[in-house]
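Note that the sequence shown ends on residue 295 in this note's numbering; no numbers are left out.
For each label pair, taking beta carbons as the anchor points, the in silico distance ranges come out as:
1) M123 x G172: 30 to 36 angstroms
2) S103 x N220: 38 to 44 angstroms
3) S280 x D120: 15 to 21 angstroms
4) N63 x Q284: 19 to 25 angstroms
5) Y217 x D122: 31 to 37 angstroms
6) Q284 x G172: 33 to 39 angstroms
Treat the hints as calculated values from the structure; they're not laboratory data.
Bear in mind that the values here come from a model prediction, so they are computed numbers and not experimental data.
All residues carry an ideal CB built from backbone N, CA and C; glycine is no exception.
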Amino acid sequence: MPNGSLENQLYPSHGPKCGLDLVQLVRICSDVAEGMAYLHHYSPIKVVHCDIKPSNILLDDDMTALVADFGISRLVKVADENVSVNDSAAYSFGSTDGLVCGSVGYIAPEYGMGKPASPQGDVYSLGVLLLEIVAGRRPMDILFEEGPSLHEWVKRYYPNRLETIVEGAIERRAPCATIQHDSRKIWRDVILELIELGLICTQYNPATRPTMLDVAYEISRLKQYLYSPSNLLIE
61 MPNGSLENQL YPSHGPKCGL DLVQLVRICS DVAEGMAYLH HYSPIKVVHC DIKPSNILLD
121 DDMTALVADF GISRLVKVAD ENVSVNDSAA YSFGSTDGLV CGSVGYIAPE YGMGKPASPQ
181 GDVYSLGVLL LEIVAGRRPM DILFEEGPSL HEWVKRYYPN RLETIVEGAI ERRAPCATIQ
241 HDSRKIWRDV ILELIELGLI CTQYNPATRP TMLDVAYEIS RLKQYLYSPS NLLIE
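Starting from the given sequences, assemble the full structure and let the hints guide the process.
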């Protein structure tokens, strides 16, 4: 792809230090959430990706995100249409059930206990990605240096000590431009919302996580807020 992967953009080995700004990152996350929401909810054959992470998100000429590498994805058939998408019992899978799938740092905790792949596992992985973008830390770095997960690391600062994370995110995502007071408030609002959403998506119990449709809707709201802050209140 012309612009490589999100991994290359978040952690460039060379080139300008500016990188992606917050507007671009929210657009990318929105693309990913909307694409996965389609696969979870509307595709004739439901698909669980099982390995959402920056290196599997490719960027085309205009920075539209495409989710790649479905090599360990699961084809899913709804066993009972009346059961919630949050209930893994509502899905049937293939012969690879029970195998841990995904990448360390992004794997939903229930997979480590032998639970089958589910849409809520993808929600967890996307939540980790949101926290990674805001915190500027790879999940693996946190795992080896400071604690069990990026979720737990961010929770140490939540809700009363987030200033360091928020200010760091603002500085990283607008390094080549002077941030006006109004812009700083808008960016701060969005970063706080991304933290909230990331923490909700990475809750330990999969039943308490939102659906990918919910996640796509919330990120779409943030995208609208960035483009037209006067027309949308952050609730």
